[in-house]
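Peer 1: One-letter residues, chain by chain:
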Amino acid sequence: MRRLLLVALSAVLLTSCAARETTTARGAGPVRGGSITYAADREPTCLDPHNNGDMPQTYVARQYLDSLVSEEKGGKIVPWLASGWTISPDGRTYDFRLKPGVRFTDGTPLDAAAVVANFDQILDPKTQSSTDLLYLKSYYDKATALSSEVVRISLKRPYSPLLSALSQAFFGIESPRAMARGLQQNCESPVGTGPFKVVKWHHERDVELVRNDAYHSAPANAKHQGPAYLEHVTWKFLKDNTTRYGALASGEADVIFNVPPEDEQTAKADPSITLQSFVHSGSPFSLDLNAASPIFADQRVRQAFIHASDAKEAVQSAYAGVFPYEGNNISSGTPFYDPRYHEPFPYDPAAAARLLDEAGWTGRDAEGYRTKNGRPLTVRLPYKGDGAETPPADVTLLEDIQAMERKAGIKVELQALDSASADAVWGDAKAYELLGNYWNSPTPAVMYIKFSKATLDVANGQNTAFAWDPELDDTLLRAAATTDPAQQKQLYSSAQHLLTAKAWSLPLYPIQTRLAVSDRLHDVWIEVSEGEPVLSDAYLTS
Amino acid sequence: MHTSGPALAQRAARRVLEAVLLLLAVGTIVFFLEQLVPGDPAIAILGGASAHPTPSAVEAVTHQYGFDRPLLAQYWSFLTGLLHLDFGESYTLKQPVLEAIAGQVGPTLALTFTALAIAWVLSILATLATAGRRGAWGRLGAGVEAAAAALPQFWLGLVLLIVFAVRLHWFPVIGSGAAGLVLPALTLGIPLGGFLAQVTRDEFETKLRQPFVVSARARGMSDAGVRARHVLRHAALPGISLSGWGLGSLVSGAVIAEVVFARQGIGQLLVTAVTARDLPLVVGITFVVALVYVVANLLTDLAYVAVDPRLRSTIGATA
Amino acid sequence: MSVLEPELAAPVPGPVRTVRRERGVLQRPGFWLALAFTALVVVAAVAPGLLTGQDPLEIHLAQSFAAPSAAHPFGTDQSGRDVLSRVVHGAGQSLLIGIGATALGLGGALVLGLLGGLGGRAVDAVTTRIVEVLYAFPGLLLALILIAVFGNSAGTQLLAVGVASVPGYARMVRGQVLSVRGSLYVQAERVLGHSPARILFRTVLPNAFRPLAVLVTLGIGQAIVWATALGFLGLGVQPPAPEWGAMLNAGRNYLQQAWWLDFFPGAVIVLFTLSLTALGRAIRTAVQPGGHR
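Protein chains in written order, with this note's numbering: chain A, 1 to 542; chain B, 543 to 861; chain C, 862 to 1154.
Just to be clear, a hint being listed does not mean it is correct.
As the list claims (entries may be wrong) - Distance ranges between label pairs, derived from CB positions:
#1 B:Y617 to C:A923: 52 to 62 Å
#2 C:P890 to A:R520: 54 to 64 Å
#3 C:A923 to A:T266: 19 to 29 Å
#4 B:L651 to A:R177: 34 to 44 Å
#5 A:K430 to C:V907: 35 to 45 Å
It is worth saying that the hints were derived from the structure and are not from the lab. Virtual Cβ for every residue (Gly too), placed ideally from N, Cα, C.
The task is simple: from the sequences and hints, build the whole structure.
Peer 2: Next up, the structure:
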């Protein structure tokens, strides 16, 4: 009875004062237990991030896998599964000392042999690794267990971004016993040392995660050591923008990934929601121009294409000013970003027209598109028709660019494809002239991954422009070989200069991790190597 | 209240035969259409050309799924699989099709049955209020019904969403739970209700002129009483027999409603499967819908017998 | 979709409809409104430039999401394109699909009708059963299966709608063929010793098809609704072509801030199909005085 009265009284007080204080509850400190629902937009194709290597894999993998090291804001590398490491003076040998007493959630101990098994699995063609492979291929030689606690990575040539690369969940360390079950089973339920473990992946619906009660291997930059506060996480897939945002509003979800840009203002005004965003480093979302295609083999036509589109205006309009424009081949948050290349080819229809005339595209067809020897200036741009893969704002952006190119006499053919057909386009130089692409990465070495002969030779389609340049390759390899910041700055700058001149890409906007978190959930944070949401420090207040 | 056995058994047997025919027809058509699809199904199963499957993997899958067997043998095992509700594994979900459907069918059934209930309530109310009335009132009823029946579900759904969720905030824009069910169920229920009302109205107006109505009135029964107790019962017959078909059409309408309201369900699953060209999943869902349709038709047949005095051995409830 | 149009979708057993006394068609204002609206859509399809001066593809990013006004009666979309001009320019595509799919459906039905009519009793029985059964099966699902099999494009959209409407037409073609075949003058021709093929092509089919003219009017409306439903599901015509269904699909994402993106194209589709239905009924009344079916 007394309690009832108290509740009634406080309700009156609350309403009369119109108090909207939500932080007072935090005074009590983190509470243990409870379940939350995290609503993601895209579903991974495999829960083992070594396979393929797409963003949805790393976001969820961060919850059940630990990496060797972690990255802090500003680029500093701190211990995680590796309590320390030494780098040889020639930069080619890395010795990692592992935290003692750590076990995978299937009981297997974490030792040097387990780490070696991870590198072996990543490089095994059967794993079908794309992201990890491209980070390692040009540099990695072998991994060896020096003792049960010390693992050595030997490199073919020095690779200063190695630690940054290894800090991503893409390089999360998995149980060798679980990996031995084969790719298919490991995709369903990979096993790590992380704060949560995978219970079951209900395809098209969610991944069920439960707390790892024995967790004691949090990274040095975590907000607390020891097991996670939350007992249970439902990692749900709500690909429809409206549904996902609605789930947060209705309390069905406690965190949502990728707040629809259209709803940004509403979300900001809502006191029961906090927004967090992180601008990824790496290569921004860009339209890559297929330099192996007859039309875009001509650098003048590539430059004309870029001049003809008012990309800055298009990004601002489609993304309601929420996403910034980026015209450089790496995003502003990437180390050694050079602001001189922020907007290298401003909107300039006159320049576009002049370049196209020079290139011989002087004829016009009935619809007003340019022609050369009777062939129309038509470029194909395939994309995934699925709204989760290509959100509405991206479609708007593509249509706006299409309309701008039309004015210049370039016909952009948008092809909305089913996922299988769209995947089949990758690596097929004859299937497209333009392809949307991004590469989130903590290091400017991403330029080498996207535009090098080495990547082209891997032939997995990740060199979307089918383009490389010996000078660029050399510049980026030299940048990776040095640890001197002044030298790195100079080399990475000239790489950005070279890339801009080549016009292999029309950069548009940097990818972001944008979370909206309900006010009953606290201490969700975003790590900086890949913008992965971290739930191990999060706790509920009732 | 026992029903006449032989008539019922005969009807049921005919329905079951029809059902089997329907399933076989749909299955056969789909099977042979599938053969027309360009590209190797084994490569599709292995994740498409982009996955760069090795020739040995392709060969293994080809053998495992029996793509190397003669066409007729494949057709036969396809048909026998259907009889066991074994539709194979979804290309995209890497999960048995039946399992995927089972996970999503609940919300869809909730939606369709709610919609059917709404349709019936609307059509009965409309019929009782306006059928057989002279002048503007009757014409208004008929006009509203015709318009309701002709409304495309996608537009009705969008308008309901804009007006009641986005503008008035009476219902959540999205939401599972009862509140979230109202607008999608109305989206499907209103057009079906309009259609059922048209049918019921025609029947109702015919029955109003029947002798038993005249005699009931002569006995001093009120107009409302005659309408509700006697006429409606007779007039509902064609409507009931249409409900089984209506349920089938509601399940296909659920595809639209689930997309408009971003609801989970097999409609949403079907659209995803069609977009991804995941044929086993498409075939499985279509089959389940066909099954629902068949079962619903059987049930309505039974209901028909229960309501139709002529098909009952004990006549004399009315007149 | 809208499998609820009673004329086309009445399943077995069909509703028994009473004959309502109709006023003369020409006296009804509804008829004239329907005719006027249909004429407007046809003009839009044939010569969109007469109805709007704006380019449906021209973007004006500074004017995106402008509410309906005198300058833009239907408002503007996410790229600042004029929604009215997109609706007007979309009429051609939608009408093309409607007419094309109806032609395809009727053609398919004719083939099946011929099979039934010429192929003897066994063939007739089998085709009839299959058609009866498929007829009751939701057309939208048939269309979706076809798109899944053949892939997604404007062509398959038309094909899917056309094929999905075959059972409906086939059922009616057969009904007409049967009633004409049983008629006295066909019996007379048999007595005269004319060949079955001659009777079929010279007498039965022409006579069976006349009443189908009504159904074509209704069928085009139905086909447009189906095609729009597919477009709404994101299947069919590719952006930025101003097809009605695709417009609805794109607008759906912006309902919260711009209701006009979906409201107006949808309203035009509804009015157009209602007009076609009204015209079809009026023609039927004129062709078959006092009769339904």
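Peer 1: Now tell me, hint by hint, if it's right for this structure.
Peer 2: Results for each hint:
1. B:Y617 to C:A923: 52 to 62 Å: holds, 60 Å
2. C:P890 to A:R520: 54 to 64 Å: holds, 60 Å
3. C:A923 to A:T266: 19 to 29 Å: About 23 Å separates the Cβ atoms of A923 of chain C and T266 of chain A, which means 19 to 29 Å holds.
4. B:L651 to A:R177: 34 to 44 Å: holds, 42 Å
5. A:K430 to C:V907: 35 to 45 Å: holds, 39 Å
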